[in-house]
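**Q** Given the coordinates of chain A, assemble chain B with the ligands onto it according to the supplied hints.
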Amino acid sequence: MGRYVLRRLLQLIPVFVGTTFLIYVMVWAVPGDPFAGMCGERPCNPAFVAMMTDKYNMDETVFVQYFLYLGNLLQGDFGETFSGLAVGDLIALRYPVSIQLAVIAVAIEAVIGIAAGILTGLRGRGFVDNLVLVSTLFLISIPTFVTGFLLQIVFGLELGWFPATVSSEATWGELIMPGFVLGSLSMAYVSRLTRTSIAENRRADFMRTALAKGQPKRRIVGVHLLRNSAIPVLTFLGTDLGNLMGGAIVTEGIFGIPGIGGLIYDSILNKEGVTVTGVVVLLVIVFLLVNLIIDLLYAVLDPRIRYD
Amino acid sequence: MSAQSIGETEDTGVVPDAPLLEVDDLYVEFRTRDGVAKVLNGVSYHVDAGETLAVLGESGSGKSVTAQAVMGILDEPPAAVTGGEIRYHGEDLLKVSAQRRSDVRAEGIAMIFQDALSALNPVYTVGFQIEEQLRVRLGMSRQEARKRAIALLDLVRIPNAARRVRQYPHEFSGGMRQRAMIAMSLALDPEVLIADEPTTALDVTVQAQIMDLLKEIQTERRMGLILITHDLGVVAEVADRIAVMYAGRIVEYADAVSLYRRPGHPYTAALMESLPRLDLKGHELKTIKGLPPSLLAIPPGCPFHPRCAMAQDRCRTEVPAEYRLGLGRTSRCHFAEEMVGGV
Ligand SMILES: Nc1ncnc2c1ncn2[C@@H]1O[C@H](COP(=O)(O)OP(=O)(O)OP(=O)(O)O)[C@@H](O)[C@H]1O
Ligand code: SF4
Ligand SMILES: [Mg+2]
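As they're listed, the protein sequences go chains A and B. Residues in the first sequence are numbered consecutively from 1, following our numbering. Residues in the second sequence are numbered consecutively from 1, following our numbering.
Just chain A, with the same shape it has in the complex (with noise of 0.2 Å):
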């Protein structure tokens, strides 16, 4: 395991080295006057060009910019705004509360999800399992800024249940809602997942044996069907964290959260080109790691699985 953990590691630099590059030549290297527009109607004087090109190595080939580039971000400098912020405390200041949204979110749709996918995979047909199927079935057919204007409408405005927006602090109460909606989506798919994942082991050969063994009914669900059954669905989540990390753009802007999502948002309108490149960098590598972990996970849930 010792060794393939170092493999992905190691696999991670070509990777991350190939993402960050075409992120890099992507923001970077667009036709155009990258300063264009940035000193109101006039164009821009030209010793701040100058100083411009010469902070961002400008007059280098991109390829020289872009090792320049990740030679700083090797020793966590993701540089500069054009009005002189650090990169890196904007990211500070915004990303933990993206990252405690998807928190929230994974938490909603693994609880819900997978107690709404128990229930229906255990009982089979029924009202419980036709009112999980029509729900689910709604929930994805629905985009998530309706549901999201929605439920703020509904719970925000109307019933004034949860805070409609998120204040500066985005306190976890706050921040319910807006999990909530993140996260409906693949709720939805939770518990579809895991009501197929438990129909099917149901019926196996294993769960016969354990009948057969005179196991209590209790501890043939909880430790042969259940433990089974959680592999995918453990799987999925995990991947789903991994995404949801990356902001949520449409989430974060109809309750007004200050995360990671509209930073990107803004800097790309404002051709923030530094701030770009250096959030999208970072969440490159923490899906990466997500996904590393998750495969280690994997492992350990399933045994069959060996990585050497």
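Be aware that one or more of the hints could be misleading.
[Claimed, not checked] Which stretches of chain A does chain B cover? Using the computed rule of at least three CB atoms under 8 Å from a CB of chain B, they are:
{"#": "1", "stretch": "113-126"}
{"#": "2", "stretch": "201-212"}
{"#": "3", "stretch": "297-303"}
These aren't lab readings, by the way, just hints derived from the structure by calculation. Beta carbons: idealized from backbone N, C-alpha and C, even for Gly.
**A** Same frame as chain A, now just chain B with the ligands:
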């Protein structure tokens, strides 16, 4: 702890001196979308301590369903037991509480399956799956149970038991897996062991080893063994009595020697010509012509008549009774006596 001690501690319907296990006129049907499949239509057999009963028959004849009904592990629904009794020490298991049924399942009657790979849980170690019974049923500690599991793996001659006990089913070879399955079934010292085609999925050489092991363990522990198999060669060697099943009925029931000398039912005769035999390797096999009947619509009269070379007019209308051919031997064929006595 054996089933007898259960009998002492609980108020059960155990009858002294009753046969160990008796299936009596058992009916099972499967209610499916296509209709009601009458899978068992009055199956009766019994097994006593130290005895081996072989159950033979084509695929779909109801061998496994009978075994599952005895274990109480049928999928109900779609399956439903619609008649008959399953008596263990004289106590009808179809009438006892769910708890008592589960106790008997654990400690009185054990079962091993054809495909040990799918019958074992892939995500737990072999040791865990043996120990779980000892811990749950006997309240053993982890260490005690581990020791006992190693001893059981030793008993079924798995080399390196102390290391193997920590491995997962997929790390075992097919033969070793079936041995582990046998070890698991022996954990609580059952009085009856049902082996549903325990060697079908294995290589020929391994098959013989597993059969030897089963036979040896059975003799040592004086267990009743119900052996479901396709292999007439194996049956000849190990079975005391043979039950031949067709369309959910036992059509011939006889001791192994007389059945081999002279089958008492045309279906048995046909089976003997068609089933693979270890001693006749390489010979061309005759297959029984035609297909087994649909259990949704079993033919009137003798269910075997559409395929029977000896069929007469009365076979098409009159269901053959169970003819006694002496000494516990029976046959459900109108011409049973001719078959045994005639030339
Ligand atoms: N879960 C089920 N649903 C519907 N029908 C079933 C089910 N299980 C068994 N049957 C039917 O019961 C009949 C007997 O099956 P059984 O498994 O006892 O056959 P068998 O004699 O063990 O055959 P084989 O030699 O193939 O194992 C078959 O016709 C089968 O279609
Ligand atoms: S009763 Fe008739 S059809 Fe049935 S086995 Fe005997 S001879 Fe054949
Ligand atoms: Mg079978």
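**Q** Against each hint, give a clear statement of whether it holds in the structure.
**A** Taking the hints in turn, this is what the structure says about them:
no., hint, verdict
1, 113-126, "violated (count 0)"
2, 201-212, "holds (count 9)"
3, 297-303, "holds (count 3)"
Checked against the numbered hints above, the structure breaks only hint 1 and satisfies the rest.
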